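Respectively, the protein sequence lines represent chains E and C. Just so we're aligned, residue 3 is where the first sequence starts under the working numbering, counting upward by one. Just so we're aligned, residue 1206 is where the second sequence starts under the working numbering, counting upward by one.
Everything labelled a hint here was simulated from the structure, so no lab data went into it. Check each hint, because a few of them may be wrong.
What the hints assert, rightly or not - With the Cβ distance kept under 7 Å, some of the chain C side facing chain E (calculated, not the full set): (1) 1333; (2) 1353; (3) 1358; (4) 1411; (5) 1413; (6) 1418; (7) 1422; (8) 1447; (9) 1574; (10) 1576; (11) 1582; (12) 1605; (13) 1611.
Stated by the list, open to error - In silico EDC-like cross-links for lysine to aspartate or glutamate, where the CA-CA straight-line distance does not exceed 20 Å: (14) C:1504 x C:1286; (15) E:69 x E:45; (16) E:69 x E:113; (17) C:1504 x C:1469; (18) E:69 x C:1469; (19) C:1332 x E:108; (20) E:69 x E:146; (21) E:69 x C:1286; (22) C:1316 x C:1341; (23) C:1332 x E:109; (24) E:69 x E:35.
Quantities reported herein were computed from a predicted structural model and do not represent experimental measurements. From the three backbone atoms N, C-alpha and C, an ideal C-beta is built for every residue, glycine too.
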Amino acid sequence: MSRALTIEMLFPEIANLHGDNFNITYLSQCRPDARVIRTGLTDTPAFVSGPVDLIYLGPLTEQGQLKAVERLTPHRDRIEALIESGTMFLFTHNALEVLGTRIRNDEMHYDVPGVGIFELESTLAMFGRYNGKVIGTVPGVGPEHPVVGYKSQFSMVAAPESLPGFFTADRGIGRNSATAVEGVRRNNFLGTSLLGPILVDNPHFARALLAQLDPDTEPMLAHEEFALAAYDARLADFRDERRWHPFERIRSSA
Amino acid sequence: MRAPRLLLTLRLLIAVGVAKLAGVAIRAIGRQGTHTPGLIARKLYPGIIGAIRHPARVVVVTGTNGKTTVSNLLTEALLGEGMRVASNRIGSNLAAGIATTLVGAVSWTGKPRVDIAVLEMDERSAKLVLPGLAPDVLVCMNLTRDSIKRNAHPAYIAWIVSSALSESTSLVLNADDLIASSLGTEANPRTYFAVDRLPTDGTTPRGAAVDVAICPVCDSRLEWDYWRFNHIGKAHCPTGDFRSPEATFRATEIDASAGRVTLELDGESRQARLINDNIVNVYNEIAVAATLDRLGVTKDRIVAAFEHLEPPTTRFALEVVGRVQLVRLLTKGLVGVACSRAFEYLATFAGRKAIVLNIDEVSERVTEVENTAWTYDADYEYLANDSLGQVVVGGVRRYDQALRLAIAGVDPARIVTVQSEIAGADQVELEGVDDVFNLHSVHNAVITGTPVQERLRARLQERQ
């Protein structure tokens, strides 16, 4: 890679819930030479006019989701083109829903279209927050190092089976409580509702993502010893049957 | 129509009577009975919070931090005014606890037997409590991030509270909190309190949990006249579309060494005793002053009340052993913002520090689902300081804690992990240290916090 690795964080002033922006803090510690662009809500995203290696959007409030939809909709064609051409995206928690077709929230009295890139419909239940764990194998990382993470969300997402998931959960629910298919993967677009932050909690996945971002540079993990020890402890826990609760099971229908 | 109403009244009196009897029985076996009587009352009469006769005035105190202290202080001050006060200060702040208090505030025949109720309310319970209660005054101290799993984010809690508020309720709100200050509608009478700019304030927000950064009208980045922590401070939109509300009740000049504070009380300036120099308690003091004023207590009496009011200090203890300060600090795991405040306070100590850190919340995996994301909502960055000699982290999630510290910028060579939460007290290096900190959470305060404190104290005493 002849130019600096460029990471664009979209709207960090509103997309910053649940500590998830440490995904980017951690990546930038793994790659101190990376250039991180923090694009404000009223700024034109850098990806509109130039090359960006990773585009990140983190968790938002409900109103924040609507603002993100409003700000990204004008760039829909550009985002689609970047996804098709293989630019890497990481959208975590409810950020993925922004790119769907519909966000419905009866309690807060709105039902609006999303940016419309993926055929996803999100339904929020403001008095039915779901909390759970998820474990599953992510393509390209290997079954010995499954991704582990947490869900804490008001929304459940419906999508056609033809839309590939980020991964399929071995335990825990996926896009909704009736499927193990979690998130969305299209080319190098990765969208997941998992919290963690996922890159910090999953050093093997972080390493694979770094390798994919810049194949010419040996991926190095920041604070690797602690990261691997924390992952191993969590993995052992997630593989312990006693840690799983009935509400974390997939139901036969949503 | 009369017969159904009579039946309802009868059912209400039965619910009150049964709940009272339950309270008597529970207290007879040595328990406080602050929750179950209300639980029973709500089962027997689901709308009892609204249906029961209320005292002449009802004050609800809510918010993420400070509601217990403010409820206690208000209750004490009103008792000092000679009022008969019902409060849930020793009990539950959920709907059942509030029902228990309301049942206790009426006679067996359902007649009010107190002048005023001061009710601490868990903000997440607003939907169950406020529509029926329709309090005369609602005080909201602040709305900051709390449990990710339960409270999601502060705007969500603000929506819950606002959705449940009666337009007749008079609001006493923190002007320095742009979320709490937005509660209610234009119909609600409102009074704002604030703490004026402090020497330690900045103008640039930092940290993981800044929940208001943009103008609600035009999305421009807000500019801060002063920024204190999280989204607490005073801000305006550079385009002129928006600004923080002006507070008529303000703590202005804080003299911690003299224990005095200047209170601006709706146009009148008074010197008062500073009940505690922690910023949280300064907010508590000015909120109490604003609320008492709204309740008709004279300004002289308000200032006089602060001469004897004391906030609880169970979250912090400092002892000097030899030449070393040993500080025990409740650092509420699961709540990143609470951890940040503890870390920030720790950072104000100027000497060389050693920390025993046990804020692992792995215990929650037994009864519900674990979620460790809160550690990234907490500003461990306050600990990344050359004055930190060593931090010893214990517990099942010690590597997560160590990783979080390293990402925050703490030198990994200064981070030690130990399996046992208590053994950290034996292993932490005390040589050359001025301040030793024992940081623990709520659930392990007794099983970990106390033995760690004892061992640290013993080691420091041995060195004398």
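Results for each hint:
1. 1333: violated (11 Å)
2. 1353: holds (5 Å)
3. 1358: holds (5 Å)
4. 1411: violated (12 Å)
5. 1413: holds (6 Å)
6. 1418: Because about 4 Å separates residue 1418 of chain C from the closest Cβ in chain E, which is inside the 7 Å limit, the hint holds.
7. 1422: Given a least distance of 12 Å, the restraint on residue 1422 of chain C is violated.
8. 1447: violated (14 Å)
9. 1574: holds (5 Å)
10. 1576: holds (4 Å)
11. 1582: holds (4 Å)
12. 1605: holds (5 Å)
13. 1611: holds (4 Å)
14. C:1504 x C:1286: Between residue 1504 of chain C and residue 1286 of chain C the Cα gap is close to 13 Å, so the pair holds against 20 Å.
15. E:69 x E:45: holds (13 Å)
16. E:69 x E:113: Distance of about 14 Å is within 20 Å: holds.
17. C:1504 x C:1469: Holds, because 10 Å separates the two Cα atoms, which is no more than 20 Å.
18. E:69 x C:1469: violated (39 Å)
19. C:1332 x E:108: holds (16 Å)
20. E:69 x E:146: violated (40 Å)
21. E:69 x C:1286: Violated, at roughly 50 Å.
22. C:1316 x C:1341: With Cα atoms ~19 Å apart, residue 1316 of chain C and residue 1341 of chain C stay inside 20 Å; holds.
23. C:1332 x E:109: holds (13 Å)
24. E:69 x E:35: Given that 20 Å is the threshold and the Cα spacing comes to 31 Å, the pair is violated.
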